[in-house]
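Number of protein chains: 2
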Amino acid sequence: MDVVSNIIQMQELAGKLKSEGKTIGLVPTMGYLHRGHLSLAARARQENDIVVMSNFVNPLQFGPQEDFAAYPRDLERDNKLAESAGADYVFAPQGEEMYPQGYGAYVQVRGEAAEKMCGRSRPGHFLGVTTVVLKLLIITQPNRAYFGQKDAQQAIIVRKMVEDLDLPLEIVTCPIVREGDGLALSSRNTYLSPQEREHALALPKALGAGRALILQGERNPSRVREEMRRVLESSPGIRVDYVEVVDGKTLQELPVLQGYVLLAAAVFVGKTRLIDNIDLEVAPCTAAC
Amino acid sequence: MDVVSNIIQMQELAGKLKSEGKTIGLVPTMGYLHRGHLSLAARARQENDIVVMSNFVNPLQFGPQEDFAAYPRDLERDNKLAESAGADYVFAPQGEEMYPQGYGAYVQVRGEAAEKMCGRSRPGHFLGVTTVVLKLLIITQPNRAYFGQKDAQQAIIVRKMVEDLDLPLEIVTCPIVREGDGLALSSRNTYLSPQEREHALALPKALGAGRALILQGERNPSRVREEMRRVLESSPGIRVDYVEVVDGKTLQELPVLQGYVLLAAAVFVGKTRLIDNIDLEVAPCTAAC
Numbered sequence: 620m621d622v623v624s625n626i627i628q629m630q631e632l633a634g635k636l637k638s639e640g641k642t643i644g645l646v647p648t649m650g651y652l653h654r655g656h657l658s659l660a661a662r663a664r665q666e667n668d669i670v671v672m673s674n675f676v677n678p679l680q681f682g683p684q685e686d687f688a689a690y691p692r693d694l695e696r697d698n699k700l701a702e703s704a705g706a707d708y709v710f711a712p713q714g715e716e717m718y719p720q721g722y723g724a725y726v727q728v729r730g731e732a733a734e735k736m737c738g739r740s741r742p743g744h745f746l747g748v749t750t751v752v753l754k755l756l757i758i759t760q761p762n763r764a765y766f767g768q769k770d771a772q773q774a775i776i777v778r779k780m781v782e783d784l785d786l787p788l789e790i791v792t793c794p795i796v797r798e799g800d801g802l803a804l805s806s807r808n809t810y811l812s813p814q815e816r817e818h819a820l821a822l823p824k825a826l827g828a829g830r831a832l833i834l835q836g837e838r839n840p841s842r843v844r845e846e847m848r849r850v851l852e853s854s855p856g857i858r859v860d861y862v863e864v865v866d867g868k869t870l871q872e873l874p875v876l877q878g879y880v881l882l883a884a885a886v887f888v889g890k891t892r893l894i895d896n897i898d899l900e901v902a903p904c905t906a907a908c
Numbered sequence: 620m621d622v623v624s625n626i627i628q629m630q631e632l633a634g635k636l637k638s639e640g641k642t643i644g645l646v647p648t649m650g651y652l653h654r655g656h657l658s659l660a661a662r663a664r665q666e667n668d669i670v671v672m673s674n675f676v677n678p679l680q681f682g683p684q685e686d687f688a689a690y691p692r693d694l695e696r697d698n699k700l701a702e703s704a705g706a707d708y709v710f711a712p713q714g715e716e717m718y719p720q721g722y723g724a725y726v727q728v729r730g731e732a733a734e735k736m737c738g739r740s741r742p743g744h745f746l747g748v749t750t751v752v753l754k755l756l757i758i759t760q761p762n763r764a765y766f767g768q769k770d771a772q773q774a775i776i777v778r779k780m781v782e783d784l785d786l787p788l789e790i791v792t793c794p795i796v797r798e799g800d801g802l803a804l805s806s807r808n809t810y811l812s813p814q815e816r817e818h819a820l821a822l823p824k825a826l827g828a829g830r831a832l833i834l835q836g837e838r839n840p841s842r843v844r845e846e847m848r849r850v851l852e853s854s855p856g857i858r859v860d861y862v863e864v865v866d867g868k869t870l871q872e873l874p875v876l877q878g879y880v881l882l883a884a885a886v887f888v889g890k891t892r893l894i895d896n897i898d899l900e901v902a903p904c905t906a907a908c
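Protein chains in written order, with this note's numbering: chain A, 620 to 908; chain B, 620 to 908.
Hints may contain errors.
[To be verified] Here are some, though not all, of the chain A residues that point toward chain B, as calculated from beta-carbon distances under 8 Å: (1) Ile626; (2) Gln630; (3) Tyr722; (4) Gly723; (5) Gln727; (6) Val728; (7) Lys754; (8) Ile757; (9) Lys779; (10) Asp783; (11) Leu784; (12) Leu786; (13) Pro787; (14) Leu788; (15) Val791.
[Claimed, not checked] Within a straight-line C-alpha distance of at most 25 Å, the following computed DMTMM-like cross-link-like pairs (lysine to aspartate or glutamate) qualify: (16) Lys641(B) / Glu837(B); (17) Lys635(A) / Glu639(B); (18) Lys635(B) / Asp898(A); (19) Lys641(B) / Asp785(A); (20) Lys735(B) / Asp866(B); (21) Lys637(B) / Asp668(A); (22) Lys635(A) / Asp668(B); (23) Lys637(A) / Glu789(B); (24) Lys637(B) / Glu846(A); (25) Lys635(A) / Glu631(B); (26) Lys635(B) / Asp668(A); (27) Lys637(B) / Asp621(B); (28) Lys635(B) / Glu782(A); (29) Lys735(B) / Glu639(B); (30) Lys637(B) / Glu666(A); (31) Lys637(A) / Glu666(B); (32) Lys637(A) / Glu782(B); (33) Lys637(B) / Glu872(A).
In case anyone wonders, no lab produced these hints; they're calculated from the structure.
Beta carbons: idealized from backbone N, C-alpha and C, even for Gly.
Given the sequences, and given the hints that come with them, work out the whole structure.
What follows is the structure, given as structure tokens:
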């Protein structure tokens with residue numbers, strides 16, 4: 620496995636591989652890899668000749684009051700994990716390489732999907748995400764790029780960017796990987812104290828309660844949302860950022876739950892902001908609803 | 620010469636040509652071709668194996684009060700001219716093909732170069748330009764893309780986008796082509812009545828007066844700007860939009876004229892907005908200045 624930090628070098632390498640007829644799978648990460656990232660790499664390994672993992676803590680997607688400086692980093696450990704997951708190349712540029720002095724080009728997806736949920740809570744976040752992802756796609760020229768369903772809104776926005784800008788590649792979304800007790804894997808879990816780690820379980824618990832209601836026949840999104848919020852607000856150490864029950868493809872409000880539905884929430888546990896979601900296919904309402 | 624209107628078809632064609640080792644030159648136009656466009660095609664013909672000319676009146680770069688509906692169109696005539704200029708392909712998509720219902724991805728270059736001059740007079744204009752140009756670059760995959768120096772600010776902004784987004788291609792700027800009496804060629808010249816056509820000559824005249832001052836030793840940008848403005852304001856039928864004397868690479872203000880300098884102006888002649896510019900290398904100030 621080779622580690623590349625230079626944009627031109629990575630781009631020429633990718634161009635050479637493509638000209639040889641090889642397919643490339645890109646796994647974009649901000650490093651501090653966990654089993655979630657490795658599941659993306661494993662899927663990319665199955666579907667492509669070459670796997671490129673990028674490792675770049677993207678300053679552009681952090682707000683001024685957010686945790687860019689504190690975000691955990693361990694490139695050496697990450698490279699070992701990437702290699703063990705079957706990556707052929709790690710692209711790990713420095714900040715100045717990606718955003719030199721006077722940098723000025725930004726890509727934005729507008730519309731409801733980008734403006735609610737994390738888009739509302741973290742102004743500028745998705746502008747940073749789409750800008751860095753577009754750069755990574757242009758640099759590594761993948762046939763497929765792999766994103767985790769944990770960042771469901773991100774995957775939707777990136778897919779929209781790819782479609783609208785005519786980028787000739789596929790966005791592949793992979794399932795959330797969870798700890799045994801249900802907590803979704805996140806590099807930010809390392810911020811949690813043992814007590815906060817306990818409190819954080821309210822997040823998957825609330826999502827599970829919402830799903831249980833739907834499985835019992837509830838088709839009113841407000842009732843499901845209220846139940847999820849009730850679980851979160853009655854849990855110690857949790858401050859709710861948002862709770863949403865929406866169309867899983869467009870993030871639009873649904874008058875009645877039906878089809879592909881996303882239950883999503885963001886909470887603060889102490890100073891740590893965590894997000895999680897569950898997606899499910901909801902059968903049409905029967906007479907019992 | 621083939622005319623292609625479908626994005627996927629054009630993109631697959633370009634990909635096939637690239638995979639055969641051919642170089643592609645793109646000439647992006649809004650059609651109603653004149654000798655300025657054809658000079659770009661001729662340059663592209665010299666420097667590339669394949670020449671693609673795009674022909675698309677981009678609604679996104681027109682303001683709500685601007686001339687999108689009135690903009691002159693003649694695709695049949697354009698195709699003949701493109702073929703005579705040596706184009707191998709014309710890419711002429713419909714509006715819905717480029718911006719389907721619910722379109723949402725936009726590319727923006729921020730910074731002084733994008734926010735002054737036409738950026739200030741036409742809010743959203745350059746957002747529309749960079750978005751369509753990025754799409755065209757992704758669809759046609761050129762090694763080189765050709766822009767006219769008449770739209771000097773556009774060329775600077777597009778070049779900045781290409782650099783910042785790591786697009787592996789060269790932006791080539793070609794000289795302004797003028798009528799015998801000095802008026803820069805523009806598809807919008809067709810809007811001018813015979814009398815307005817006369818009035819419009821004040822624009823190259825003012826630029827020439829600014830240049831003459833510099834050649835006489837003037838190095839104060841304000842004095843050059845004032846002289847250009849004086850010529851325009853003393854001409855009949857002219858309403859000044861802006862007059863600028865700036866660094867030709869960055870469009871920044873210069874305390875003293877030196878190096879690569881751009882004299883640029885935009886005026887209204889009746890309802891028609893025209894832009895023009897002159898660029899020149901200014902020798903360092905001598906004792907006589």
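To see whether the hints hold, each was checked on the structure:
1. Using the Cβ-Cβ criterion of 8 Å, the hint placing Ile626(A) at the interface with chain B is satisfied: the shortest such distance is roughly 6 Å.
2. The beta carbon of Gln630(A) is positioned within 8 Å of a beta carbon in chain B (closest approach about 6 Å), and the interface hint is therefore held.
3. Because the closest C-beta pair between Tyr722(A) and chain B is about 6 Å apart, less than 8 Å, the hint holds.
4. Given hint, Gly723(A) at the interface with chain B, holds; its Cβ is 4 Å from that chain's nearest Cβ, closer than 8 Å.
5. Annotation: interface hint on Gln727(A) holds; nearest CB of chain B at approximately 5 Å, less than 8 Å.
6. Residue-level restraint check for Val728(A) holds (minimum Cβ-Cβ distance to chain B is 5 Å; threshold 8 Å).
7. Checking Lys754(A) against chain B by beta carbon gives a least distance of about 6 Å; that is within 8 Å, so the hint holds.
8. Proximity of Ile757(A) to chain B holds as hinted, the smallest CB-CB distance being about 5 Å (cut-off 8 Å).
9. Hint on Lys779(A) holds. Least Cβ distance to chain B is approximately 6 Å, under the 8 Å limit.
10. The interface hint given for Asp783(A) is met, as the beta carbon of that residue sits about 4 Å from the closest beta carbon of chain B, less than 8 Å.
11. Annotation: Leu784(A) was flagged as interfacial toward chain B, and the flag holds, the nearest CB pair being 5 Å apart, inside 8 Å.
12. Look at Leu786(A): its Cβ gets to within about 6 Å of chain B, closer than 8 Å, so that hint holds up.
13. Hint status for Pro787(A) relative to chain B: holds, with the closest Cβ pair at about 6 Å, below 8 Å.
14. Restraint check, Leu788(A) versus chain B: the minimum CB separation of about 10 Å is more than 8 Å; hint violated.
15. Violation of the interface hint for Val791(A) is found here, the shortest Cβ-Cβ separation to chain B being roughly 19 Å, above the 8 Å cut-off.
16. Distance check on the hinted pair: Lys641(B) and Glu837(B) sit about 48 Å apart at the alpha-carbon level, beyond 25 Å; violated.
17. Proximity of Lys635(A) to Glu639(B) is assessed by CA-CA distance (about 13 Å); at most 25 Å being required, the pair is judged to hold.
18. Restraint check for Lys635(B) and Asp898(A): not satisfied, since their Cα atoms lie roughly 39 Å apart, outside the 25 Å limit.
19. The hinted pair formed by Lys641(B) and Asp785(A) meets the criterion: a straight-line CA distance of about 21 Å does not exceed 25 Å.
20. Distance hint between Lys735(B) and Asp866(B) is fulfilled; the C-alpha atoms sit about 13 Å from each other, no more than 25 Å.
21. Between the alpha carbons of Lys637(B) and Asp668(A) the distance comes to roughly 20 Å, so the proposed pair stays at or under 25 Å and holds.
22. The hinted pair formed by Lys635(A) and Asp668(B) meets the criterion: a straight-line CA distance of about 20 Å does not exceed 25 Å.
23. For the suggested pair Lys637(A) and Glu789(B), the alpha carbons sit about 20 Å apart, so the restraint of at most 25 Å is met.
24. Taken as a hint, the Lys637(B) and Glu846(A) pair is broken in the structure, with Cα atoms around 56 Å apart against an allowance of 25 Å.
25. Among the hinted pairs, Lys635(A) with Glu631(B) is consistent with the structure: their alpha-carbon atoms are about 18 Å apart, no more than 25 Å.
26. Using a Cα cut-off of 25 Å, the hinted pair Lys635(B) and Asp668(A) holds, with the two alpha carbons roughly 20 Å apart.
27. Distance hint between Lys637(B) and Asp621(B) is fulfilled; the C-alpha atoms sit about 17 Å from each other, no more than 25 Å.
28. A threshold of 25 Å between alpha carbons decides the hint, and for Lys635(B) with Glu782(A) the separation of about 21 Å falls inside it, so the pair holds.
29. Distance check on the hinted pair: Lys735(B) and Glu639(B) sit about 43 Å apart at the alpha-carbon level, beyond 25 Å; violated.
30. This hinted pair checks out: Lys637(B) and Glu666(A) have alpha carbons roughly 24 Å apart, not beyond 25 Å.
31. A distance of roughly 24 Å separates the Cα atoms of Lys637(A) and Glu666(B); the hinted pair therefore holds under the 25 Å criterion.
32. A distance of roughly 22 Å separates the Cα atoms of Lys637(A) and Glu782(B); the hinted pair therefore holds under the 25 Å criterion.
33. Straight-line distance between C-alpha atoms of Lys637(B) and Glu872(A) comes to about 44 Å, which puts the hinted pair past the 25 Å bound.
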